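So the chains spell out like this:
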Amino acid sequence: MPRAVRGLLIECDPSIKSMILKYDEERHDYIVEDLDDENHLVIKESQLENLKYRLDRDLDEKIMQLDESESE
Amino acid sequence: MHTPDRRESGVALRGRIGPRTRVISVAAEDLRVFQLTMASATSRPLEYLEGLPGTTFYKLYQQPSTALAIFRRMLPDLAKCFVMALLYQKDPLPTADLEIWVSSDSKKERDNAISILGRLHVLSTTLTGENVRAYMLTNPFAASLRQALMGAEDSQSFGLFSQAPEHLRISVADLDEYARRQWEGVMGYMVGTSAFSGQRDTVNLSKGVKQLLQAGHLVEIRGNRVDITKDGFGFVLQDVNTQVWHILILYVESAEAIGMDSVEVLSFLFLLSSLELGQSYDKTHLTPNQTRTLADLTDFGIVYQNDADSTRFYPTRLATTLTSDSSALSNPVTGSLTGPVGQTSGSGSGFIIIETNYRLYAYTSSPLQISLISLFTNLKYRFPNLVTGKITRQSVRRAIEMGITADQIISYLLSHAHPQLRKHSAAQPSNKGVPASILPPTVTDQIRLWQLERDRLRATAGFLFKDFTSLAEYQGPCQYAAEIGVLVWKSDRKRMFFVTRHEQVAMYLRNQKAGGK
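These protein sequence lines are chains A and B, in that order. Using this note's numbering, you'd call the opening residue of the first sequence number 25 and step up by one each time. Using this note's numbering, you'd call the opening residue of the second sequence number 254 and step up by one each time.
Extracted from the complex, chain B is given alone in its bound form (with noise of 0.2 Å):
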């Protein structure tokens, strides 16, 4: 992937142009997207379990494998040191003291991270005997990630290895074959690939998968008619990560309405994702409800069984790289689908060629892939290995109509670009450490102009903090806001500012009152 301090060139680089010469691309800008999109893989999970009561969090953490996913997978770096840290102290620590860890750059970092671990309730504050505000890590959490990490005599949370006598040994690239064939049958289904003639074996897809689609407004079903909706767009260009998060969590939310217990489900999707591949486990322990969630699973390919009946159930890499840290992104399910990321994956799936004219070139026949390059391109001719068009004002105004975003086709062209479009751009004199862009610098510009000239205006939802009677008032909540990373906007002048969440900001205004009094 891309080496640390091209990054940070790229970051720099960006801040220098300032926001209104953002349409301006280097590779910087592609660079950007990426991050964009690996940062939304964890934030969509992240947002939804923010939303749960503490009590569900009380339950889930009961589970070692829930603890440990959480740990691994929802938490920035700073905020990992922090659990560590604090996993095996028998006394809380005083706020002062772990501050004094980090240092006073890193302000921001620091509340950030300690912001997380508050909201996921990993983190709670109490007073010491001193009467001193001390941190210490919440019971079921600790407990069971100490559990997670040195092992305990009930290891049914982590899975059971099936220890009957395999008749047929199922490979992992059987494995992935399957996950990407279940995977891109879901997708086909929504993009309706069946216009472009199903010449291939389509997938049998279950009621309930449907039925899950339709529910998260990801289709709407019209008679016998599927028509896909904005979010659906949004869904289908997403890496496949954050789009395995997105259908999971419908899942869990549609779960409860036919009578699931919500805590059960999401706590058994954390087990599969500490799954390993390859490895075959043991259902005959499972609950009623997670059988019946395994059934539902394995219509999306994310878990693989030979028949309903059997005893034996595999993880696939659709459910075995949920939590874990390295991308889904470089793997073979999705390099089939999504194609390779960066120079350093197989180059051979990368099938899309553009020229700096605007036109096209796909290399490809798989109707899901036609269909998704035909929602923003006009499509002009198809041969048996290969479709051509041009991107248009008019075909990109369209697909931006319909809910994409610029961002998204450009992430989506980026990562299937053809490999003699990298490899020119490798040969290319890099400028000052930054690379030369993949894609022709002018398409990617356009393409976000046209998007400009549609949206008009930005809008952030939240709250607007005013009325307060002195500048001194107004500057502390203010910097706290900044540090926790929710201030948009603000105005000294007018003494008001302008958050995404006001919980902790209104906490901070209570403590604020109670203490000065």
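Pulled out of the complex, with its shape left as it was, chain A reads as follows (with noise of 0.2 Å):
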């Protein structure tokens, strides 16, 4: 029997992706569904927000910022 799930369908790259999936194994509280190609996944509606936030804090951090140049 075909079944109807509310969520959030998520389109990003396979390194975010598997970030997300890192974040869900400490308490499984973001996939609805894992779709299983490389850059899908069904996430709660509700956590958005709080995903944004966090991949936002954690990839400033990694990822090295280029120096804005602001001469004239």
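No lab work stands behind these hints, which were simulated from the structure alone. Quick caveat: nothing in here was measured; it's all calculated off a predicted structure. Note that CB positions come from ideal geometry on N, CA and C, so glycine has one too. Only true hints are included.
Taking lysine-lysine and the DSBU-like style, the derived pairs with C-alpha atoms no more than 35 Å apart in a straight line are: (1) Lys361/B with Lys312/B; (2) Lys68/A with Lys766/B; (3) Lys46/A with Lys76/A; (4) Lys719/B with Lys41/A; (5) Lys41/A with Lys747/B; (6) Lys747/B with Lys766/B; (7) Lys86/A with Lys633/B; (8) Lys743/B with Lys360/B; (9) Lys643/B with Lys86/A; (10) Lys68/A with Lys483/B; (11) Lys312/B with Lys463/B.
A few chain A residues facing chain B, derived, Cβ under 8 Å: (12) Pro26; (13) Arg27; (14) Ala28; (15) Val29; (16) Gly31; (17) Leu32; (18) Ile34; (19) Glu35; (20) Cys36; (21) Glu57; (22) His64; (23) Leu79; (24) Leu83.
Mind docking these for me? Both chains are given alone in their own frames, and the hints should help you get the complex.
What follows is the structure, given as structure tokens:
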């Protein structure tokens, strides 16, 4: 019997997806369905802001920022 | 505007490069931005209307002006064909007969048209005497549309011309000026132009306007300070027609809260949209609620009246372009606000020059425009008629954090591009039919890249259909979802698919189940 589940379809790079999978391992509170391809998964609607915040924070830490040249 | 074949070549090209390389900008990309902004003008009111219950539609469609407005503005061309074909049919038309009108290549467009007609409660299905499924137009709609086309004794639905003698005739130019001033006043209030020294006569906004903006979460009022919200930023960069619809939908929603009938307000808005610019209309036959609405809309510059007690009112261009198919983008009111679109409209009002080194020069002294530009630019110098600055990674990221998208920035820059930029791009040899882009491609690419850096994932709300027992069971609904345009993702291997709306797919599954047994 087919079912319909509410959620947010997330499209992202494989690297981001693996980060989300890692977050989910802690308490299993993000993912509704792992769609088993490189860059898609379905997550709970309520977790989007939280997820974005965590990703931005972690990525800003890990990725080296180019210096902003303000020369005129 | 753009010629059809230009647009086609743009779309084809985008298809070929594929999503991965979408940041490689060509003029086709700029065209796409326009199509997006123009499409959003229709989709917002459409989305709102779709959410209304069927009984509301029944009441709305009692008015010929509403039926005509829905027909004019909300329906795709193919849906218009269907409505016209069915309008004077006495008996329902079997579904199979309607389907053969459309060639099999355009099945998607056909299903999309029928789906929209269904969602707007214009088309319904019944069974004919021989138990065949058939389409028919729903009744208050069909009767009202016929009345709108053929005329009827009761012509109040399209407003009454004012018969009272006029002492002072208001010209179209006056109305445009009034609409522009009021609308810019509203925008100015939102972005807080007072910070840029109010050297111009400021428009006094009524309390109602401010409350509406606050209720719509476009601004937040803390004590005496007005802070614009994320939604508000998105709002001020949109084209005027979209903005007006946004405001009107907020207005209808808030009308309910203060005890006005939303149907009455909505049908009055559709009535306003069908009036003629430059004519004055009689106010005396309006209901108290309609008079109240009229007063509120006056503050926004959507209608004009000499004073609240006068017996006549004038619709401005903001009202008359609401449901017309010709987009409000190229008219004088918006011309002064958002600048001309494409090369066709007057070349006087574009004022922004961008160089390939990300420097921006804006020939303007308007506090509104300066504060809009400062949202995504580091401004450096200000002269009496010119501000200059530079678009940097930092300034764009700041804008994106406030909720402004790269596309919004680019479409703003594009619609305000200085005539020199347009002339320059027109002089460039076109590349296989694709015109050279107006903005420097390096800049538009970079703005998009800066956004991508920030937006690492794309989220679409909707529903995942899963647990299909066989491939055959999965394929039918999946294909149907693709045809009505709600499918976002599918996997044949996992027998799952993701849709933005589930109602019609669920209905399809139920029908299939009922038919199968």
